[in-house]
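Assemble the complex: chain V is given as a structure, and chain R must be docked to it using the hints.
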Amino acid sequence: MSSDAIPRQPFDARPLQLLAAIALAAGLLVSSFPTWATLTLSGLAMGLIIFVIASGLTLVFGLMDVLNFGHGVFVALGGFIAATVLGVQGAVGDLSLGASLLAVGLAAGAGMAVAGVVGLAFERMLVRPVYGMHLKQILITMGGMIIGEEMIKMIWGPGMIALPLPQGLRGALPLPGDVVLDKFRALAALVGLTVFAALLLVLNRTKLGVLIRAGVQDREMVECLGYRIRRLFIGVFAAGSALAGLGGAMWSLYQQSVTPQMGAQVNTLIFIVIIIGGLGSTLGCFVGALAVGLLANYMGFLAPKAALFSNIALMVAVLLWRPQGLYPVGGK
Amino acid sequence: MIKALLSHDLPRNRLLAVLLIATVLGLALTPFLFTSIKALNVAAKILVFIILVASYDLLLGYTGIVSFAHTLFFGIGAYGVAIACSRSEDPGWSAVLLGVVAALALSLVLALLIGLLSLRVKALFFAMITMAVAAAFITLASQLSGLTGGEDGLSFKVPEMLRPSTEYFEDPFLGASIDGRFLTYYLLFAATVVLVLMLLRIVNSPFGRVLQAIRENDFRAEAIGYRTVVYRTLSNVMASQFACLAGALLALWLRYNGPDTSLSMEIMLDILLIVVIGGMGTIYGAVLGAALFMLAQNYLQDLMKLGADAVQGIPVLSQLIAPDRWLLWMGLLFVLAVYHFPFGIVGRLRLKARS
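Protein chains in written order, with this note's numbering: chain V, 1 to 332; chain R, 1001 to 1355.
If you are wondering where the hints come from, they were derived from the structure by calculation, not from laboratory data. Ideal Cβ placement from N, Cα and C applies to all residues, glycine included. Please note that the accuracy of each hint is not assured.
[Unchecked claim] Label-pair distances were calculated between CB atoms; the ranges are:
id	chain 1	residue 1	chain 2	residue 2	range
1	R	S1088	V	Q265	33 to 39 Å
2	V	R170	R	V1311	40 to 46 Å
3	R	L1333	V	Q265	23 to 29 Å
4	V	I155	R	N1298	23 to 29 Å
[What the hints assert, rightly or not] Listed below are the simulated PhoX-like cross-link pairs for lysine-lysine, each with C-alpha atoms no more than 25 Å apart in a straight line:
id	chain 1	residue 1	chain 2	residue 2
5	V	K153	R	K1305
6	V	K136	R	K1305
7	R	K1305	R	K1003
For reference, chain V alone in the conformation it holds in the complex:
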């Protein structure tokens, strides 16, 4: 079958133009190029970390129609595991860039693995019995959130744990002009872009991706074709949790500390992001996360008090423009 059999939907570029418009407006207001570039780069980096965290949530929702209110637990878990691994390595001392990268990579990898495994258990014990029941899902995953947070408090204590960056990742990258970009933010941006590329690649170019997308569209039909959609679901849930763990590790390194309450705090942020993006859409989540990151940085510079409300203002504005989010996912 030729690819012309079904007319391709034209790509909707207007949400991307929104990003450009935000950046442009900020450029006019900031009116100093190095400052603007610095803010933009850090905003994009922050947005990419948020994207990593939120991508798992939106993926799980898109495929399984499960909104995991306990997603934040995996974020916090990733952060705590990363803190433990870095602590064990003693990786806060003098380390070269390479060694620091390795240390952070190990920490984030461990966070990802543990979050993924716990995600499997979470799916099995809590989510599985309530597929298709939205109200119960919200309640159950919220219960999971409470239990998870308490467990974290039990293991790591209720207080904040400081998480300094390894030596090699401190400081800024040498960039032309007076543009400043922290090394860690650059790394985070790289990770975020990799995750985004990998997700797009898997979803759009592999058989697994076809199955996942088909499952989103019409679950029964995929089952009729003989695929075990259950297994696919579990895999996606674990992957989503693992991404949350990775994002949590990056986020807590970015904040340089981790608290048990981090999960709940991040939850509201990523909810805003995926509402902006359109529930279930990966591209929308990407654009939404970048918009939130950019706006947070610009507003933090221009009007620090108002920055606290920039997210919610953005969400309301986007919903007034497109009530289903930037990239609505059809078929439900």
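Below, chain R alone, put in the same frame as chain V:
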């Protein structure tokens, strides 16, 4: 008479009826039965939470929508009274009234706006949006420190009649000193009785039946000809008004209000836990649930502490029953309740009566 008062929605189980009567009697007689200040505080908190949770039950249990902004309206009510009373050295009833009315009006507008913006879509969407709005509001309350006292909150005086220093009789009557605090307690008690009876009236009215229809199958309800958006929004608005009143009562009792006492996410979780464990869609569940939960929160922790001391040294066990971990057990109970007895304690008791 009782039937009419309870809107013909009787407990329908002897044990449940006994428990409810015991709760009401216990709350009615607390100032005479217990002399400690802690007991009276716990009882007052139970009263406030009964209204708060029962109004949340109207949303979650009867209409089937999950809101995380219920503490928002609770907080608005509490801040309304707090701000109005803290403006003057000697606030009278007019200040309290002004605060309550302003808070009710603000809640009404906010609930309408949130409802119209997000109730058209799915339950999930509403839950997420309310969560975001509530978080923004907490930030707002702590930022507007000129108005709300920021993180520290506001301490204020209540009308003279309700002040603890106002003594009505020289001697204690039946072991209770009849002072402003005593009066405030019974103000709370009367308000709770009236508001809960009103809620019972609402959920047992034709309007309440439509809400239940929407909960069971919104598509079908829409098909029969009910505008589900309108009903959901109305339900949200009504619940917000009750929550707002509960907040005002809390502020009157505490003579203080801050973000942690009325707005925080922890209170929202408490509400969720109480309504699910007590029994969704029953209103009575709120009464029993609030009483049990508050007793547990205030006294079970002492018990856990005793237990934790007893098993000190055993690594995991002593961690598990440490008093700080009581929320863990509540969370587990919550999950079990959602799975195995979705109508909570009340539903369980009623089910037994039928079989």
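For each hint, the structure was consulted:
At roughly 37 Å, the beta-carbon separation of S1088/R and Q265/V lies within the given 33 to 39 Å, and the hint holds. Taking the beta carbon of each, R170/V and V1311/R are about 45 Å apart, inside 40 to 46 Å as hinted. Checking the proposed 23 to 29 Å range against L1333/R and Q265/V shows it holds: the Cβ atoms sit about 25 Å from each other. Evaluation of the 23 to 29 Å hint for I155/V and N1298/R yields a pass: the beta carbon distance comes to about 27 Å.
At roughly 17 Å between alpha-carbon atoms, K153/V and K1305/R fall within 25 Å of each other, so this suggested pair holds. This hinted pair does not check out: K136/V and K1305/R have alpha carbons roughly 33 Å apart, beyond 25 Å. For the proposed pair K1305/R and K1003/R, the alpha carbon gap of about 44 Å is over 25 Å, so the pair is violated.
When held up to the earlier numbered hints, the structure conflicts with 6 and 7 and fits the remainder.
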